[in-house]
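Protein chains: 2
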Amino acid sequence: MPSPAVQFACDNQPRFLEQLKGLLRIPSVSTLPEHRGDVRRTAELLAAELERIGLEHVALIETEGHPLVYADWLHAHGRPTCLCYGHYDVQPPDPLEEWISPPFEPTERNGSLYARGAVDDKGQMYMHLKALESLLRVQGGRLPINVRVILEGEEEVGGEGIASFVQKHPERLQADFALISDTEMFAPDLPTLCVGLRGMIYTEIEARGAATDLHSGMYGGAAPNPFFALCQVLAQLKNSDGRILIPGIYDDVKEPSAGELAAWRSLPFDEREFLRHEVGSTALTGEPDFSVLQRLWARPTLEIHGMPGGFTGTGAKTVIPAKAAAKVSMRLVPDMAPQKTFQMYKRHVESLCPKGISLDVRLIHSGDPIVIGVDNPYVQAATEAMQEVFGKQTVFVRSGGSIPIVGDFERSLKIPSVMMGFGLPDDNLHAPNEKFSIANFYRGIESLIGFFERLGHG
Amino acid sequence: MPSPAVQFACDNQPRFLEQLKGLLRIPSVSTLPEHRGDVRRTAELLAAELERIGLEHVALIETEGHPLVYADWLHAHGRPTCLCYGHYDVQPPDPLEEWISPPFEPTERNGSLYARGAVDDKGQMYMHLKALESLLRVQGGRLPINVRVILEGEEEVGGEGIASFVQKHPERLQADFALISDTEMFAPDLPTLCVGLRGMIYTEIEARGAATDLHSGMYGGAAPNPFFALCQVLAQLKNSDGRILIPGIYDDVKEPSAGELAAWRSLPFDEREFLRHEVGSTALTGEPDFSVLQRLWARPTLEIHGMPGGFTGTGAKTVIPAKAAAKVSMRLVPDMAPQKTFQMYKRHVESLCPKGISLDVRLIHSGDPIVIGVDNPYVQAATEAMQEVFGKQTVFVRSGGSIPIVGDFERSLKIPSVMMGFGLPDDNLHAPNEKFSIANFYRGIESLIGFFERLGHG
Numbered sequence: 001m002p003s004p005a006v007q008f009a010c011d012n013q014p015r016f017l018e019q020l021k022g023l024l025r026i027p028s029v030s031t032l033p034e035h036r037g038d039v040r041r042t043a044e045l046l047a048a049e050l051e052r053i054g055l056e057h058v059a060l061i062e063t064e065g066h067p068l069v070y071a072d073w074l075h076a077h078g079r080p081t082c083l084c085y086g087h088y089d090v091q092p093p094d095p096l097e098e099w100i101s102p103p104f105e106p107t108e109r110n111g112s113l114y115a116r117g118a119v120d121d122k123g124q125m126y127m128h129l130k131a132l133e134s135l136l137r138v139q140g141g142r143l144p145i146n147v148r149v150i151l152e153g154e155e156e157v158g159g160e161g162i163a164s165f166v167q168k169h170p171e172r173l174q175a176d177f178a179l180i181s182d183t184e185m186f187a188p189d190l191p192t193l194c195v196g197l198r199g200m201i202y203t204e205i206e207a208r209g210a211a212t213d214l215h216s217g218m219y220g221g222a223a224p225n226p227f228f229a230l231c232q233v234l235a236q237l238k239n240s241d242g243r244i245l246i247p248g249i250y251d252d253v254k255e256p257s258a259g260e261l262a263a264w265r266s267l268p269f270d271e272r273e274f275l276r277h278e279v280g281s282t283a284l285t286g287e288p289d290f291s292v293l294q295r296l297w298a299r300p301t302l303e304i305h306g307m308p309g310g311f312t313g314t315g316a317k318t319v320i321p322a323k324a325a326a327k328v329s330m331r332l333v334p335d336m337a338p339q340k341t342f343q344m345y346k347r348h349v350e351s352l353c354p355k356g357i358s359l360d361v362r363l364i365h366s367g368d369p370i371v372i373g374v375d376n377p378y379v380q381a382a383t384e385a386m387q388e389v390f391g392k393q394t395v396f397v398r399s400g401g402s403i404p405i406v407g408d409f410e411r412s413l414k415i416p417s418v419m420m421g422f423g424l425p426d427d428n429l430h431a432p433n434e435k436f437s438i439a440n441f442y443r444g445i446e447s448l449i450g451f452f453e454r455l456g457h458g
Numbered sequence: 001m002p003s004p005a006v007q008f009a010c011d012n013q014p015r016f017l018e019q020l021k022g023l024l025r026i027p028s029v030s031t032l033p034e035h036r037g038d039v040r041r042t043a044e045l046l047a048a049e050l051e052r053i054g055l056e057h058v059a060l061i062e063t064e065g066h067p068l069v070y071a072d073w074l075h076a077h078g079r080p081t082c083l084c085y086g087h088y089d090v091q092p093p094d095p096l097e098e099w100i101s102p103p104f105e106p107t108e109r110n111g112s113l114y115a116r117g118a119v120d121d122k123g124q125m126y127m128h129l130k131a132l133e134s135l136l137r138v139q140g141g142r143l144p145i146n147v148r149v150i151l152e153g154e155e156e157v158g159g160e161g162i163a164s165f166v167q168k169h170p171e172r173l174q175a176d177f178a179l180i181s182d183t184e185m186f187a188p189d190l191p192t193l194c195v196g197l198r199g200m201i202y203t204e205i206e207a208r209g210a211a212t213d214l215h216s217g218m219y220g221g222a223a224p225n226p227f228f229a230l231c232q233v234l235a236q237l238k239n240s241d242g243r244i245l246i247p248g249i250y251d252d253v254k255e256p257s258a259g260e261l262a263a264w265r266s267l268p269f270d271e272r273e274f275l276r277h278e279v280g281s282t283a284l285t286g287e288p289d290f291s292v293l294q295r296l297w298a299r300p301t302l303e304i305h306g307m308p309g310g311f312t313g314t315g316a317k318t319v320i321p322a323k324a325a326a327k328v329s330m331r332l333v334p335d336m337a338p339q340k341t342f343q344m345y346k347r348h349v350e351s352l353c354p355k356g357i358s359l360d361v362r363l364i365h366s367g368d369p370i371v372i373g374v375d376n377p378y379v380q381a382a383t384e385a386m387q388e389v390f391g392k393q394t395v396f397v398r399s400g401g402s403i404p405i406v407g408d409f410e411r412s413l414k415i416p417s418v419m420m421g422f423g424l425p426d427d428n429l430h431a432p433n434e435k436f437s438i439a440n441f442y443r444g445i446e447s448l449i450g451f452f453e454r455l456g457h458g
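Top to bottom, those sequences are chains A and B. Heads up, the first sequence is in my numbering, so the first residue is 1 and it goes up one at a time. Heads up, the second sequence is in my numbering, so the first residue is 1 and it goes up one at a time.
Bear in mind the hints are in silico, worked out from the structure with no lab data behind them. No experiment lies behind these values; they were computed from the predicted model shown. There's no promise every hint is true.
All copies of an identical chain are treated as equivalent in the list; a pair is satisfied when it fits inside any one copy or across any two copies.
[To be verified] Here are the simulated SDA-like cross-link-like pairs (lysine to any residue), alpha carbons at most 25 angstroms apart as the crow flies: (1) 392 with 104; (2) 323 with 206; (3) 355 with 251; (4) 355 with 272; (5) 323 with 280; (6) 355 with 239.
Model the full assembly from the supplied sequences, consistent with the hints where possible.
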């Protein structure tokens, strides 16, 4: 028999979904200055909702960028304190023309809700609020454990505001563990806890050649071309097997344990399926000596995200641009340190600088790689709660993505994070047609209620 | 003593300049669909002006793109017929933020007129009209020679409309020679005739990897990255000495004659000045075995103009884009054939295609390389006319740029072109802060009057 809170959540599914749609309609794209007002509006909406469901000390905390949203309920004496973290900002929606339904008009299709932010992270973050609401409603405004909620609006742009807040005011977020729902399940219906994350450095390389844009007829053959220079440099950073060619870059890479590797091999992973249904290219790439999961979870990578500058319109313009740039990131694995890695990267990029060109290598943001221990009561309770809802044994995986806040919580608050995520591998994170399984939205709320109840009885 | 036509031109300089400003205010950017109306408006303005100054058969000739403007005056029996060619379209003005005064608000500064199209080619094309007007006004509506005027609005996008018109209706442009003012003087005050042009192929390479944009955390290390693929391919097209690595690409390159090379060596060219004041980079690039002028005028090159796709906004987006593109052109020299060159280029690019990627290599437009003979009465008259106005001996140079119409005139009309240009090397063609020396605008009109008068007496 479901608990009263679970029953409440079931009865209120349609309302929960409509509320989520309202949240998804606000284009809270943190990286674009023109959406600054939308980001704040989202924070205000969430603060009002936290107030409405009965949390206390609800506040917007200003940062140098977008505000944090804080709330707490700390009256479960003798019980653990959970720090519920989520982010309410989203990635830019471009390329717009590839969306089947508009990114900020949440649309139900094939059992999923399509919208930018549906799974990353508005939909998943909202499960926390709805689980808390369900518990508060059926328990006379009380919760089984203590809860602090902290929501940020800068996760997609590096999360500087929360990082600095965590560092300066650890007492305001004091807790026994953090709860984060911003990861995915390994396969549909397979309850999954994420216990490792890659770190990252996100960089921009700007190349400058001539003092002004030049006509490629008049100057081609004598003037340096910053795009060609960037191509020369970038092509030398990785070989065609995906091995990064920066000297020393693999020195600090720690191999996963034999047990972890064995567990990964037993996961239901079909490389052909992955190629065909998730990636959809003619072949996979990357270091041939490592399995795909090891490449994604336990090996560093280097990617180019875009190369701004020059002429990108339709048709032709015969310009040798004065400058060009490349947005390049690296994913890091334990025990690579972001600052040390960036210095190696920068030094190597600069050493490859072609004649006539000057290069400026900037770090935009960074995050530590993380591995979480699984031998604590919080991971244990999460494992059981998900198993009960899904009726299957919970698996432990890593993610190739980065959640820098996990490192901040570990360093400044000295607490572990429980990463209970309900996304699916084909949810199109950071891509057109992002979606979130509506069933998983409901099962996520139910799992979270079970998790809080378990820790309350414990 | 100046001829009455030259006197008329001198007396009317302020009006001529104001009229040119009116022409420059219309943003006739042929490559951008949103400026389609502006391009047509420019054509209509020019047609009205041709009518007003007294030419006949003024007409807009429709093409599949932007219209041609035609006019003639054919009553100088026994005298040669000149085909005055010019283009009234302009390059896009971006990057806008680098213009000191707005690109479509013509502004006088330091003796020059700053505006997009000032020198390329509205200002130079307009000299023809003002020279004709001056002659018509002082000679009772008559000209010393026969004239046809043909102006196009697609030069900056490949000039397909005029190319097809020349091919289909050579009789409508029948003439003894063409006159083109779309080149530059070798140095300020040095009268210059251009007798050679590079040809070109303008291409776009599109690289496709995954079926959709992917999150670089989730997929980095296994999914192909089309930007990295393009960098790998492009970096292999040219070595760091600027030598193009496409097999066979130099087979058809014809060395300039010993006489031509000797003449180039005697031109007032200072490599340090060129580097410092025209290019403004830390060093020049290109094949070290050839002089700068030979690299610019008589050697093929390959340039990257832009790399559309992916994330190019401010900040960070961690996407592995599904596709990326590169706009790449090659300049060709005699006797390279554009189609044959494109096939070699395409085959080589495709042969370099990395694993997991598919490449689509498209030709956007092309033009033949040209060398003009100097032993004809038209080049002779031009040489003398410019010498008289500038008081110095006219030099013969080539240009690294491309004017495909010269090849069309040669092939379909069987006529040579006289390229009398009055631009300066630092006029910022195709770049921000394009300008045209106001003194050269006036001296150009005077030179053209002298040229027409000489051929009329001849």
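**Request:** Mind listing which of the numbered hints don't hold for this structure, in increasing order?
**Result:** Violated hints (numbers, rising): 1, 3; every other hint is consistent with the structure.
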